[in-house]
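*Asks:* Spelled out from the first residue to the last, the chains are:
There are 2 protein chains.
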Amino acid sequence: MKEKEFISVIKNILNSKYIGDDCAYLKDLCIVVSQDSLVEDVHFKKNLIAPFQLGYKSVMVNISDIAASGGKPLYLTVSLSLPENIDADFIKEFYSGCKKACGDNIEIIGGDITGSDKIYISVCAIGKTHERNISSRSGALTGQKVIVSGVHGSSAAGLRLLPNGCEKLVKAHLEPKAQVEFAANISKNVEGKYAMMDTSDGLMDALSTIANESGVLLDIDFKKIPYDKEIEQFDDWKDLILYGGEDYQIVATVPQDYPKGIEIGTVKEGLGVKLNGKIYTKEEVEKRIYNHFGVKS
Amino acid sequence: MKEKEFISVIKNILNSKYIGDDCAYLKDLCIVVSQDSLVEDVHFKKNLIAPFQLGYKSVMVNISDIAASGGKPLYLTVSLSLPENIDADFIKEFYSGCKKACGDNIEIIGGDITGSDKIYISVCAIGKTHERNISSRSGALTGQKVIVSGVHGSSAAGLRLLPNGCEKLVKAHLEPKAQVEFAANISKNVEGKYAMMDTSDGLMDALSTIANESGVLLDIDFKKIPYDKEIEQFDDWKDLILYGGEDYQIVATVPQDYPKGIEIGTVKEGLGVKLNGKIYTKEEVEKRIYNHFGVKS
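Residue numbers (my numbering), protein chains in the order written: chain X, 1 to 297; chain L, 1 to 297.
Excised from the complex, chain X in its bound form:
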């Protein structure tokens, strides 16, 4: 998949300002909208994830996107395509997982079920923007600090340990938790421009995207990035922290006096991500993501 090439073709044809972001902010309707898909044998292996966890994760991915936009996640539609041999038990488990991820404040309101050769899940999520300051990848301002909501690397470590292994890490991979409250607190309290993303594609990917779309340098102190000591069992644990995906934490650039989050760096003039003295360009980050974890699609 040449996803980036395709997205630029699509942008050209549709000529829409919305294409390319995780969420579309529809100001006239006061909502944010996202859609994300999970495909069997591309995003997951059926024998390595239980139907409950698959439902849970499909929904959580989208809740995280809405939360990271600063919107309040409210409604989801779930489209499910299934092979003939799937039974009602699978459906029951899958939707129970969806429901658990929704919690008390988010509702699944529709979708469809169709046949297919493999399992295919596409979820659309809608959030409310009322009384929220919606974020942008291009909103980082020099002088702001860079904060994260929690540990990185656990999900990628958990993936390596599947189906068994350190329970905490495996759970971080199979049942990640969207940082809804953390993100809401930022969008309700920060005034003016700021940048926010979830780290679904890895911390460096998010940092690099914010840096390049905002035209700034993010000066990051690696030692300040929180992680779980358990991941040190892998020789490349530092890469898991930086390039491993699916932790679904929040990274944001906020004013210095914003009281929450774990500070990992500062927004400065320049371009790219500075880590331990070295500046990583967009191309270098993409190459490293490719080398460590294969092509994201």
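Hints are supplied without guarantee of correctness; some may be wrong.
[Said to hold, decoys possible] Cross-link-like lysine to aspartate or glutamate pairs, in silico, DMTMM-like; alpha carbons within 20 Å at most: (1) Lys282/X - Glu269/X; (2) Lys4/L - Asp112/X; (3) Lys27/L - Glu191/L; (4) Lys4/L - Asp89/X.
[As the list claims (entries may be wrong)] Which residues of chain X face chain L? A few of them, derived with a C-beta cut under 10 Å, are: (5) Asp28; (6) Cys30; (7) Leu80; (8) Phe94; (9) Ser116; (10) Lys128.
Bear in mind the hints are in silico, worked out from the structure with no lab data behind them. Ideal placement from N, C-alpha and C gives every residue a C-beta, glycine not left out.
Starting from the known structure of chain X, fit chain L onto it as the hints suggest.
*Replies:* Same frame as chain X, now just chain L:
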């Protein structure tokens, strides 16, 4: 696929009033939302539909759902999963088709692209409900008349004639047109309860759904149902009109003095669809759809 069994399992787990309809009406946000998917070898064969038409149809199906709810279709997200061997030309054609179906008033605002074995398309559509009287399948009232927006049977006839054959019928199948204006006129002008659906799964399916969900009898005069004479080339042309899907016309029950549409019958006390004197129950209609056109999934 045991779609109906699965939907009842899902309804039980999610316990949501929205599940089961084509569209969810979110009153707090003043929007309607629908999601529909098209899967290669289930809903289409790659060699029988051009990428342009596939894009066109994926979008039109969802625009039709929103229109049939009475909402004003405004925004779409498109999720596309593609095998490795698909190139940028396919993407270009596909999205050009999407854009044509959108016309000037509807915009594609997001979605995603992922890898897969087969082509899988899932579209989510959002419409505005401001100054509209949103329809319901259960809104038919005795004394109302049953109207349709246009001819039925052409799309099913066109499908049989693929890849070549009567151009008009093939086009009706490959490039159906959602009846946005027809439906808008109803939702803007009819006061009080009424029922409206599109005929994506066939005219009888829509009539039977409205009849059973409203608890009424729809007394239909077959002779009044408009169709294209060209379909008489098939022995079972009457079945194409009644059970053939994908015409994407509108069927609605409206007050007798509503001035538009083609009247095909009347809403009466009772239950089911009465056609040429015989009453068809829900089960009979489902059995006939199955016998004529296989299981819909």
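*Asks:* Check the hint pairing lysine 4/L with aspartate 89/X against an upper bound of 20 Å on the C-alpha distance.
*Replies:* holds, 15 Å
*Asks:* Checking hints one by one. Is phenylalanine 94/X an interface residue toward chain L, by the C-beta closer than 10 Å rule?
*Replies:* holds, 9 Å
*Asks:* Does the alpha-carbon distance linking lysine 282/X and glutamate 269/X stay inside the 20 Å limit?
*Replies:* holds, 16 Å
*Asks:* Return the status of the interface hint for aspartate 28/X: holds when the least beta-carbon distance to chain L is below 10 Å, violated otherwise.
*Replies:* For aspartate 28/X, the interface hint holds, since the closest Cβ of chain L sits about 8 Å away, which is under 10 Å.
*Asks:* Can we keep the lysine 128/X interface hint, with Cβ of chain L closer than 10 Å?
*Replies:* holds, 7 Å
*Asks:* Would you mind confirming whether the straight-line C-alpha gap from lysine 4/L to aspartate 112/X stays at or under 20 Å?
*Replies:* Within the cut-off at roughly 11 Å; holds.
*Asks:* Holds or violated: is the Cβ of leucine 80/X closer than 10 Å to a Cβ in chain L?
*Replies:* holds, 8 Å
*Asks:* Given serine 116/X was flagged as interface, is its beta-carbon under 10 Å from a beta-carbon of chain L?
*Replies:* holds, 5 Å
*Asks:* Quick check on the hint: cysteine 30/X CB to chain L CB, less than 10 Å?
*Replies:* With a minimum Cβ separation of about 7 Å from chain L (threshold 10 Å), the hint on cysteine 30/X holds.
*Asks:* Between lysine 27/L and glutamate 191/L, is the straight-line Cα distance small enough, at 20 Å or below?
*Replies:* holds, 18 Å
Hint compliance for this structure: every hint is met.
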